[in-house]
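Visitor: For the protein sequence lines, the chains are U and B, in the order given.
Numbered by numbering that gives the first Met the number 0, the letters in the first sequence go through residues 0 to 376 in order.
Numbered by numbering that gives the first Met the number 0, the letters in the second sequence go through residues 0 to 367 in order.
One or more hints might be untrue.
Calculated lysine-lysine pairs in the DSSO-like style (CA-CA distance at most 27 Å, straight line) [what the hints assert, rightly or not]: (1) U:Lys-322 x B:Lys-361; (2) B:Lys-12 x B:Lys-305; (3) B:Lys-240 x B:Lys-160; (4) B:Lys-198 x B:Lys-70; (5) U:Lys-44 x B:Lys-361; (6) B:Lys-305 x U:Lys-90; (7) U:Lys-9 x B:Lys-65; (8) U:Lys-223 x U:Lys-65; (9) B:Lys-305 x U:Lys-164; (10) U:Lys-47 x B:Lys-160; (11) B:Lys-160 x U:Lys-90; (12) B:Lys-65 x B:Lys-101; (13) U:Lys-164 x B:Lys-12; (14) B:Lys-160 x U:Lys-44; (15) B:Lys-305 x U:Lys-65; (16) U:Lys-47 x U:Lys-90.
These aren't lab readings, by the way, just hints derived from the structure by calculation.
Since this is a predicted model, take the numbers as computed values, not measurements.
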Amino acid sequence: MRIIRFLLQKEFLQIFRNKAMLPIIFVIPVVQLLVLSFAATYELKEAKFALIDRDQSIASRELVSKLQATGYFILQSEFTSEVEAKIQLEKGEVSFIVEIPRDFQQLLSNNKATSIQLVIDAVDGSVANLINSYVNSIVRDYSATKAVNINVAGLQNIEQFSVKKISTQAINWYNPNLDYITYMVPGILVILVSMIGLFLSGMNIVREREIGTIEQLNVTPITKFQFMVGKLVPFWMIGMFDLLLGLALARFGFQIPFLGSLTTILIIAGIYLVLIQVLGLFISTITDTQQQAMFIAWFIMVVFILMGGLFTPIESMPMWAQKLTLANPIAYFIKIMRMVLLKGAGWKEVYEMVLIISVVAAGLLAVSVNRYKKTSG
Amino acid sequence: MNSFKGFVIKEFKQIYRDTRTLVVLFGMPVLMLLIFGFAIRNEVNNAKVGVLDLAKDEVSSVIIQKISASKAFQIHAYLTSYDEVEAYFREGDIKEIIVFEKDFARNLTRSGSATIQLITDATDPNLANIVQTYTNAIVGDYAQELNASSMPVVGIKVHSKMLYNEELASVNLFVPGLIAVILMLVSALMTSISITKEKEMGNMEILLVSPLKPNHIIIGKVLPYLVLSVVNVFTILVLAKFVFGVPFVGSYLLFFAESILFIVTALSLGVFISSVANNQQTAMMVSLVVLLLPTILLSGFIFPIKSMPIPLQVISNIIPAKWFLVIVRGIMLKGSGILIIWQETAILIGITLVFITLSLKKFKVRLQ
Numbered sequence: 000m001r002i003i004r005f006l007l008q009k010e011f012l013q014i015f016r017n018k019a020m021l022p023i024i025f026v027i028p029v030v031q032l033l034v035l036s037f038a039a040t041y042e043l044k045e046a047k048f049a050l051i052d053r054d055q056s057i058a059s060r061e062l063v064s065k066l067q068a069t070g071y072f073i074l075q076s077e078f079t080s081e082v083e084a085k086i087q088l089e090k091g092e093v094s095f096i097v098e099i100p101r102d103f104q105q106l107l108s109n110n111k112a113t114s115i116q117l118v119i120d121a122v123d124g125s126v127a128n129l130i131n132s133y134v135n136s137i138v139r140d141y142s143a144t145k146a147v148n149i150n151v152a153g154l155q156n157i158e159q160f161s162v163k164k165i166s167t168q169a170i171n172w173y174n175p176n177l178d179y180i181t182y183m184v185p186g187i188l189v190i191l192v193s194m195i196g197l198f199l200s201g202m203n204i205v206r207e208r209e210i211g212t213i214e215q216l217n218v219t220p221i222t223k224f225q226f227m228v229g230k231l232v233p234f235w236m237i238g239m240f241d242l243l244l245g246l247a248l249a250r251f252g253f254q255i256p257f258l259g260s261l262t263t264i265l266i267i268a269g270i271y272l273v274l275i276q277v278l279g280l281f282i283s284t285i286t287d288t289q290q291q292a293m294f295i296a297w298f299i300m301v302v303f304i305l306m307g308g309l310f311t312p313i314e315s316m317p318m319w320a321q322k323l324t325l326a327n328p329i330a331y332f333i334k335i336m337r338m339v340l341l342k343g344a345g346w347k348e349v350y351e352m353v354l355i356i357s358v359v360a361a362g363l364l365a366v367s368v369n370r371y372k373k374t375s376g
Numbered sequence: 000m001n002s003f004k005g006f007v008i009k010e011f012k013q014i015y016r017d018t019r020t021l022v023v024l025f026g027m028p029v030l031m032l033l034i035f036g037f038a039i040r041n042e043v044n045n046a047k048v049g050v051l052d053l054a055k056d057e058v059s060s061v062i063i064q065k066i067s068a069s070k071a072f073q074i075h076a077y078l079t080s081y082d083e084v085e086a087y088f089r090e091g092d093i094k095e096i097i098v099f100e101k102d103f104a105r106n107l108t109r110s111g112s113a114t115i116q117l118i119t120d121a122t123d124p125n126l127a128n129i130v131q132t133y134t135n136a137i138v139g140d141y142a143q144e145l146n147a148s149s150m151p152v153v154g155i156k157v158h159s160k161m162l163y164n165e166e167l168a169s170v171n172l173f174v175p176g177l178i179a180v181i182l183m184l185v186s187a188l189m190t191s192i193s194i195t196k197e198k199e200m201g202n203m204e205i206l207l208v209s210p211l212k213p214n215h216i217i218i219g220k221v222l223p224y225l226v227l228s229v230v231n232v233f234t235i236l237v238l239a240k241f242v243f244g245v246p247f248v249g250s251y252l253l254f255f256a257e258s259i260l261f262i263v264t265a266l267s268l269g270v271f272i273s274s275v276a277n278n279q280q281t282a283m284m285v286s287l288v289v290l291l292l293p294t295i296l297l298s299g300f301i302f303p304i305k306s307m308p309i310p311l312q313v314i315s316n317i318i319p320a321k322w323f324l325v326i327v328r329g330i331m332l333k334g335s336g337i338l339i340i341w342q343e344t345a346i347l348i349g350i351t352l353v354f355i356t357l358s359l360k361k362f363k364v365r366l367q
């Protein structure tokens, strides 16, 4: 026990004496949590468009003002030729071009079909899709009012077109305003805590090896197990501290509801952080230089983050990739955080995932302890 | 000049003799592109939904059929009452529950309107939004089919043309983004580590007392990584084209020139980090913790910058990857020439110059 205590003391001294590291460990994560949580939305706020109105009629004006009235679309500029409009589109100054043909009003008032042309910058396919469906529904509404007007004017019986309408009514549970901050904050917190844990522990043993101090530790009577504990506990504590800080910020800064039990979250976080540290130590035992270790840790982290289901939904991935996420601890922990914090889930709903995390952590710990050899060469 | 040549050769040897690191440096970006190229999508695929059909009539069953036939959805559960909704959501697999009101078909024929409730698990609001949009589209199509016979012919049709990315594939959006993320992190991370390593090992003293000028030392350090990154750009490009079929409309020459510019930006950022950091650990933590998330989130790689709150849009301007992304997407997908993207290029050059000046100022020729 005494040995472990001294080991811990040594590790803490080593961490805290490096003044440049302190802000990276404690300040930057908080700042990132505060700032980046706001970045992650697909919500279409506004899109600018260019107009080529060849008709210059009342009807075309009406349609354009209908488009603007939604608040989504802003008329950026008007052109007479397609070439100029396309240059703006290419520069990204407008997101789409609306082109109204010459005989628009005439055809419309003569009860004939007409069309408008929409050219959308589809580099971001999902944005393009949204724009397309918004514009379509606006035009459909406009077209319907016109049709009714014409029919009334033509003294036809409207009843004969018994338009059937199926409306959908959206109800959003747990997050009625579709506020993405509520969703992002727990997820980004998980990522930040994992990043710090993985990078710190991943560099640790390999650093001792690179500097040569590991030889000195090897000749002491410290057992493998004590050595590992001495390496694990400090980073675990730092991770937990960061997590608590983040949770406090989420609760009191972002006003995120904590429906589930905080104790549950903390216990699971404790197990999860062990897994992350052990993963870092494992990387540390299989690499020779800090450079290698960091590159591998970085790679694993990017894979975990991008396949964690936080930024792009796991549901969008192809089947094999969805299966791969079963091996992603970040995906589990993000899911658990969301379920417990936002939906109030308890052990019954999450125990399977917790079990998987625990088993993987234990297995990896066994492998790392085994791989770490006290003899060199 | 001769000593500089010798130094560069030494640097190359030092990096390229370590096969393990080399495999990692060349292999990882390829692996990453393969994984993410296939896996990162923002359209929905096989989302699990539940159905609560209180009507059980011919119209509701047709709509249910249409939903289950769609590639986006997979009907995972049939509920019998509202009380079950919560249990299913708490389990976490089901993202949406589609509720048909009682007498759905009758309401539709009698009063001409009927309602479907879409209850979503909005803990992931982005996903909830997408799922709703998809369901709405299916229902809307069906309603249009119903009305096709009785609708008047008059009306405005919208002809939509999707420019630059006709099939609306998200690969085409994400691959250019991946190039930026990979280059940024590899270049900045690697240079910052390799320079601080010399400091930590004490080799910096030897280098400083040698007849090499400080800027020669830095250029020598950076050159191998420049070569390495250019090779990476090349492999990524080949993969993008032949594995993912991402179109390449613009000029290859311009693309490589811009890539080299961006690599230099990232390298100069790496040099700057190493001039601030004292040891490898600090350098790595700075390049990873500080760069990773902002590069992914604020560059427009996944989330459109236009959707962000204004302060974040302002901050995103200092992220070099943002400008490079605009350039790469421009060249690859739109075929933009330098006339279209000169502003972004100028900004990148500006950022690079700032980093170089800062690091020259910070780089200490003497030891404390």
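Visitor: Next, verify each hint and record whether it holds.
Guide: Hints and how they fare:
no.: 1; hint: U:Lys-322 x B:Lys-361; result: violated, 48 Å
no.: 2; hint: B:Lys-12 x B:Lys-305; result: violated, 45 Å
no.: 3; hint: B:Lys-240 x B:Lys-160; result: holds, 23 Å
no.: 4; hint: B:Lys-198 x B:Lys-70; result: violated, 56 Å
no.: 5; hint: U:Lys-44 x B:Lys-361; result: violated, 42 Å
no.: 6; hint: B:Lys-305 x U:Lys-90; result: holds, 15 Å
no.: 7; hint: U:Lys-9 x B:Lys-65; result: violated, 65 Å
no.: 8; hint: U:Lys-223 x U:Lys-65; result: violated, 73 Å
no.: 9; hint: B:Lys-305 x U:Lys-164; result: violated, 34 Å
no.: 10; hint: U:Lys-47 x B:Lys-160; result: holds, 17 Å
no.: 11; hint: B:Lys-160 x U:Lys-90; result: holds, 18 Å
no.: 12; hint: B:Lys-65 x B:Lys-101; result: holds, 19 Å
no.: 13; hint: U:Lys-164 x B:Lys-12; result: violated, 73 Å
no.: 14; hint: B:Lys-160 x U:Lys-44; result: holds, 22 Å
no.: 15; hint: B:Lys-305 x U:Lys-65; result: holds, 22 Å
no.: 16; hint: U:Lys-47 x U:Lys-90; result: holds, 12 Å
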